[in-house]
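A.B. asks: Please work from the sequences and hints to get the whole structure.
Chains as they are written, first to last, in this note's numbering: chain W, 547 to 1082; chain X, 6 to 193.
Heads up, none of these hints are tricks.
Distance ranges between label pairs, derived from CB positions:
{"#": "1", "chain 1": "X", "residue 1": "Leu22", "chain 2": "W", "residue 2": "Ala680", "range": "26 to 32 Å"}
{"#": "2", "chain 1": "X", "residue 1": "Ala34", "chain 2": "W", "residue 2": "Ile1039", "range": "47 to 53 Å"}
{"#": "3", "chain 1": "X", "residue 1": "Asn11", "chain 2": "W", "residue 2": "Ala680", "range": "38 to 44 Å"}
Simulated from the structure, these hints should not be mistaken for laboratory data.
Keep in mind the model is a prediction, meaning the values are calculated, not measured.
Heads up, the beta-carbon is just placed ideally off N, CA and C, and yes, glycines get one too.
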Amino acid sequence: MEATHAHGAGHAHGDGHSHHPKGIMRWITTTNHKDIGTMYLWFSFAMFMVGGVMALIIRAELFQPGLQYVQPEFFNQMITLHGLIMVFGAIMPAFVGFANWMLPMMIGAPDMAFARMNNWSFWLLPPAGILLTASMFVPGGAAGTGWTLYPPLSIQMGIGMDMAIFAVHILGMSSIMGSINIVTTILNLRAPGMTLMRMPMFCWTWLITGFLLIAVMPVLAGAVTMILTDRHFGTSFFSAAGGGDPVLFQHIFWFFGHPEVYIIALPAFGVVSHVIPAFARKPIFGYTSMVYAIASIALISFIVWAHHMYVVGMPVAGQLYFMYATILIAVPTGVKVFNWVATMWRGSMTFETPMLFALGFLFLFTIGGFTGLVLSNTAIDVQLQDTYYVVAHFHYVMVAGALFSAFAAVYYWLPKWTGHMYDETLGKWHFWLSIVSFNIAFFPQHFLGLAGMPRRIPDYALQFADFNQVSTIGAFGFGLSQLLFLYVVLKAIRGGEKAAAKPWEGATGLEWTVPSPAPYHTFEEPPVLTEAKGHA
Amino acid sequence: MSANRNADNRRVLVRLLAVAALMFGFGYAMVPLYQKFCEVTGINNLLNPDDALRNTQVDTSRKVTVEFDANLHGLPWSFKPGQTSVSVHPGELVHVVYRVSNTRNHPVTGQAIPSYGPQLAAAHFKKMECFCFARQTLGPGESREMPVVFVIDPALPKDVNTITLSYTFFEVAGAAAEPAPQLRRPGA
Ligand code: HEM
Ligand SMILES: [Cu+2]
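C.D. replies: Quick look at the structure:
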């Protein structure tokens, strides 16, 4: 996107308003999209660490068959909290953080549409994170249902379950407010001349993710509210005693749950659609088809929920329908993968850290997509449901997919945020350590699943021991590698080579027209877009 | 930011909030929608009489053992089948009883939920009459004999020789005072 800015872009004049509160109050009261973006990202990283420690507790227990370190009840609580914290506390806030930081700059807006509400959406998160983490310490412990909160267990557990439900309510409220803000910003605050079809791809992915969130988070809120009233107020939506049906919960939950996986994946697609063109030094291949692919993935995601429920009892016609509908999603997803590869075709590529993570994403997300296609087949899923094959599958899409894309985003935009280049050598180390240890941790889980090892169980049959040991070693390697990531980021914040306004030769978009680090206020006057050539 | 733009933003905000509110309602609407769906398609027809068999031919060439099981889920009752098992021909109309008594000195209401083993027998086990079609309220110390009338569909796969019919009684909280109503879930 070519831009000439008469005087709009990047007021470098020390942001004129010197009346913000200092210290902690600055962060509590801030309505600045960059401050809020930063807080989202740090919150996300903190939750990533908490959820990561839980994952390592699980993996430590699974290092050997039999019970070593924890009791089965606690093991189940770790599984539940790890899932909830990683999904709602780490991955989703990370991408909302990127949206806050970058969307206004990408579309030439001064800030988010509702700056005050933006502050609220962030500050709802820490209480929810604390509720989830603290629920471990109440009598009866945390929810042990798995992140899916299925009844009847979720109707029976102690107060930890109520805390989890309340946390889900708060997280839902935060995401709904955040998405309303993002959608409104994109619809109303684009610089003159930036039509929807000239928007950078990250904006497109977030526009559609925003709609998905607004559509399905309330459904989840409704489902957990029904659990809550079943628990305490004598309703029987799901409790068989009063004629309720536990399977109904699964239908409602997955009506939320499947779109949720695209809520996680789409913004990740958006990031990759910026990084690959930048380092292949070619515009994205097939912009229009990318937009249609995102939209159709989002639409189809509403009609495939019961592929998570093949074995709960469903007529064959239902199984066939959900199988074919699910397989259909592979088509637009394939279009996207094709376009990313075609973008690199005959590009002049270089392999800085963001590009490495984007390529890691491309390879491993595609593997996760393939195993997803395997699981979509009813006849096969009956065998693989609730085994480690499923665990391997969703970690390929969520860790090697969404998380790697988040790493790519951090490295790509860090110069813009901090004004310094990160340490490229250490960044590459982070990448190689992560991708190798990730595969050591998760690839063997495919075999464990195919051999029949069930998930969410702290003990296993002896013949699974070898692969589990390999997996645990990989998991600890992966966890430790993330400390290196923290170090690289801190180092870049504290200093380093000065970053140019556009540190990446092939990068395009308005965000690169403002100086690095981006001044506190940008685009108070909208930039003037010239030429229609190229998209980010 | 101009007043104009603020008004635009507000308009989008209101619409999106309305969508969110609607979707919250939609979550709840799924409860009756699924009920209707199951009713129309005949799925989950657990607590209603089954349609009488069209083919009433008794298959005297084989016998099926039906075992009876009774469970309580937190009710102060005693609940037992009148017979542990019966041996019947498919197609034959069978009467059995369950005995239940309330061990407390206040009325208690319960709902029995049937289940079958093996699962695939469920589709071939036709209940004409059952105490599980309605809630049961027992007065203080009251005992009752409750009938079950069923037919096993002769289409039951040949390799199924034994079917277990198991009931679990759940307490219906707060319902003891009311007259036992028909159950909320209609079914086909
Ligand atoms: C350090 C990297 C990670 C490791 C070693 C790890 C490990 C594990 C393990 C061992 C389980 C339990 C599997 C089972 O027995 O069912 C699990 C479950 C899960 N993980 Fe991770 N995980 C990691 C990162 C993530 C991330 C980034 C996400 C992000 C979305 C995530 C999402 C989940 C979910 C949703 C579950 C399912 C929880 C449930 O069964 O309810 N994990 N993970
Ligand atoms: Cu799904």
